[in-house]
Amino acid sequence: MKVMILAGGLGTRLSEETTLRPKPMVEIGGRPMLWHIMQIYAHHGFKEFVVALGYKGELIKDYFLRFGSMTSDLTVDLATGRATVHDGKRPDWRVHLVDTGASTQTGGRVRRLKDWIGDDDIFMMTYGDGVADIDIPALLAFHRKQGKLATVTAVRPPARFGGIRLNGDLVGRFAEKPQAGEGWINGGFLVLDRRVFDYIEGDDTSFEASTLERIAADGQLAAYRHEGYWQPMDTLREKQMLEDLWDSGRAPWKVWA
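So the sequence shown is numbered by this note's numbering: it starts at 2 and just counts up by one.
Take these hints with a grain of salt, some might be off.
In the BS3-like style, the derived pairs of lysine-lysine whose C-alpha atoms are separated by at most 25 angstroms in a straight line are [as the list claims (entries may be wrong)]:
no.: 1; residue 1: K62; residue 2: K48
no.: 2; residue 1: K115; residue 2: K255
no.: 3; residue 1: K48; residue 2: K146
no.: 4; residue 1: K240; residue 2: K62
no.: 5; residue 1: K62; residue 2: K115
no.: 6; residue 1: K146; residue 2: K62
no.: 7; residue 1: K3; residue 2: K48
If you are wondering where the hints come from, they were derived from the structure by calculation, not from laboratory data.
Being a predicted model, the structure only gives us computed values, none of them experimental.
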C-alpha cells in the first residue's frame with residue numbers, strides 16, 4: 002500500500018526556515034521532517050511513498066538522489082574522483098517524487114497523484130509537517146472496519162486549530178476553521194479509498210475546506226481517535242520543541258529502533 006505525503010506548501014508560518022527550503026526539509030536532529038514521517042510508516046511496514054512536490058521541490062529531489070552518499074560511509078579516491086558508498090545504512094524504501102505545481106492547493110495535489118496510486122483500492126495520506134506515535138496498522142484496521150471512503154486521524158490540538166464534530170466513529174461535520182470545536186482536529190495520517198478522487202474538482206480545490214467537508218456531509222468520513230502524541234511543526238517554537246525532545250532521547254514519535 003502506498004503512502005502519499007503532501008510536501009509542496011510554502012510554510013509561511015515558519016518563514017525563518019522556509020525561505021531556504023520547503024518545510025518538510027526543515028531538520029529535526031539533523032534529519033528532515035520528511036524523513037521522520039517516512040520512518041514512522043516504514044516501521045509499520047509501509048515503505049512505498051508518493052511525495053507531492055511544489056515549493057522548492059528540487060531540494061527534496063536532490064536530498065533523495067544523494068541519500069546514499071549523505072547517510073553512509075564513503076571512500077573517495079582523490080586522484081580519480083571515484084567515490085565508493087559503503088552499504089548498510091540505506092532503508093529499503095521506494096520514493097516517487099512528483100511535481101504537483103508551485104501554487105496547487107492540497108486537494109489539487111492529491112488529485113494530481115491519482116495515476117501514481119495506480120489500481121490500489123485504498124492508500125494512506127499525510128502532511129509533510131507533523132509527527133505522531135500513531136499505530137498505523139490499528140488505523141488501517143479501523144478504516145476497513147468502518148467501510149467508509151475516508152478515515153481521518155482525530156487528535157487533540159492546540160487551541161489555534163479548527164475542529165471536527167464527532168458523531169460516534171463518524172465525522173458529523175468537518176470545519177477547517179470553525180468558531181468552536183470539541184477538542185479534536187484533523188491530524189493527518191489519513192486512509193483514503195480511491196473514490197475520494199471523484200470529490201476533487203481541480204488544482205484550486207482545498208482537500209480540507211472542500212473535499213473532506215463534502216465527504217463528511219455524505220456520511221463517508223470516519224474518525225480514528227488518537228489519544229497519544231501528535232505535534233505539527235508550524236512555527237519556530239514548535240520546531241525547537243521537537244528538536245529538544247529529539248536531543249533528549251525522549252522523542253515520542255521515534256517508534257523505530
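- Given the hint that K48 pairs with K146, test it: the Cα-Cα distance must not exceed 25 angstroms. holds, 23 angstroms
- Item | Given hint K62 paired with K146 - CA-CA distance at most 25 angstroms | violated, 37 angstroms
- Straight-line alpha-carbon gap K115 to K255, limit 25 angstroms: violated, 30 angstroms
- Query: Would the pair K240 and K62 pass a check requiring their Cα atoms to be no farther apart than 25 angstroms?
  - Reply: Given that 25 angstroms is the threshold and the Cα spacing comes to 23 angstroms, the pair holds.
- Would the pair K62 and K48 pass a check requiring their Cα atoms to be no farther apart than 25 angstroms? holds, 17 angstroms
- Item | 25 angstroms limit on alpha-carbon distance, applied to hinted pair K62 and K115 | holds, 20 angstroms
- Query: Within a Cα-Cα threshold of 25 angstroms, do K3 and K48 meet the stated pairing?
  - Reply: holds, 8 angstroms
In summary, the structure is inconsistent with hints 2, 6 from the numbered list given earlier, while agreeing with the others.
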